[in-house]
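**Student:** Sequence:
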Amino acid sequence: MHLGFSSMNTVNDQDPATLARILEDAGFESLWYGEHSHIPRCRTTAYPPGGELPEPYKEMMDPYIALMAAASATSTLKLGTGIALLMERELFSQAKTIATLDRLSGGRVIIGTGVGWNQEEFENVTSLPWKRRYLAMKETVAATRALLRDEAPEYHGEFIDFDPVWFEPKPLHVPDMVFGAMGPLGVRHAAQWADGWMPVDVALPDVAASIKDFRRQVSEFGRDPDKVEITLVVMAEVTPDILKHYRDCGVSRCNIGVGMQNWNKPEIVMPMIEEYAKIISEL
Numbered sequence: 001m002h003l004g005f006s007s008m009n010t011v012n013d014q015d016p017a018t019l020a021r022i023l024e025d026a027g028f029e030s031l032w033y034g035e036h037s038h039i040p041r042c043r044t045t046a047y048p049p050g051g052e053l054p055e056p057y058k059e060m061m062d063p064y065i066a067l068m069a070a071a072s073a074t075s076t077l078k079l080g081t082g083i084a085l086l087m088e089r090e091l092f093s094q095a096k097t098i099a100t101l102d103r104l105s106g107g108r109v110i111i112g113t114g115v116g117w118n119q120e121e122f123e124n125v126t127s128l129p130w131k132r133r134y135l136a137m138k139e140t141v142a143a144t145r146a147l148l149r150d151e152a153p154e155y156h157g158e159f160i161d162f163d164p165v166w167f168e169p170k171p172l173h174v175p176d177m178v179f180g181a182m183g184p185l186g187v188r189h190a191a192q193w194a195d196g197w198m199p200v201d202v203a204l205p206d207v208a209a210s211i212k213d214f215r216r217q218v219s220e221f222g223r224d225p226d227k228v229e230i231t232l233v234v235m236a237e238v239t240p241d242i243l244k245h246y247r248d249c250g251v252s253r254c255n256i257g258v259g260m261q262n263w264n265k266p267e268i269v270m271p272m273i274e275e276y277a278k279i280i281s282e283l
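Going by UniProt numbering, the first residue of the sequence shown is number 1, and it counts up by one from there.
Treat the hints loosely; a few may be bogus.
Distance condition first, Cα-Cα at most 20 Å in a straight line; then the derived SDA-like pairs of lysine to any residue [to be verified]: (1) Lys138 x Leu91; (2) Lys96 x Thr126; (3) Lys96 x Lys131; (4) Lys138 x Lys227; (5) Lys131 x Gly157.
Source of the hints: derived by calculation from the structure; they are not laboratory data.
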């Protein structure tokens, strides 16, 4: 099992180049940054865990620019978005950004994506229908894959529709599209079309049972479960034993560091990296 590291990517966190060098030197496999272009001041969408929205949500930097800084300081560390809100950006310019980042990083990009939780944020930036966002997400990923992969890409769906275009340069490799979803509909979509599934451990009532059910659904869609990796975002208390348990459940990668107690606190994060670097060889 690989060990990745997730960060809110605010100006109060360790800067991306420095953090990336530390992670690569420590043996971590990947660095992951999430995305919120803005947070509406007036919103009716409740913060999913409950309570007030944590301040770091209002201060997140751009994930792609931050990952480019990380790429420039490293040579092997994989670079992930965890998660990118693909539907909240213009399709073609976003695909160009992904392709450029992948080329300039030497083919190290992984795209973690999701539908998002903030309806007001979503509706500020797209005319896609919130109530049909899972289908819109499926089409957005399929259209992005076509742009990154095909010689003369085109896509014809219910929400996204374009005739053949020139889209160059291509990325060095088409990044895996990993879907972050926990609800039944989202998990079903991940099983149907995603290259990987990225749930949060504390949102799963039973991690082992949830993984078993997911793999069953992948098989129902005629796909090989062994080829659909599971990246688990660890927001529970991180211990060596819990990481080894997740490994034994069939998790391909655990992303640590994203627990709320670590946000905007590099003085906590740096010792954490040093501590868990010691057990990477055991995972």
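**Student:** Are the hints correct? Go through all of them and say.
**Tutor:** Going through the hints against the structure:
1. Lys138 x Leu91: Cα-Cα ~13 Å, so holds.
2. Lys96 x Thr126: holds, 19 Å
3. Lys96 x Lys131: violated, 28 Å
4. Lys138 x Lys227: holds, 19 Å
5. Lys131 x Gly157: Given that 20 Å is the threshold and the Cα spacing comes to 17 Å, the pair holds.
The structure fails hint 3 only (numbered hints given earlier).
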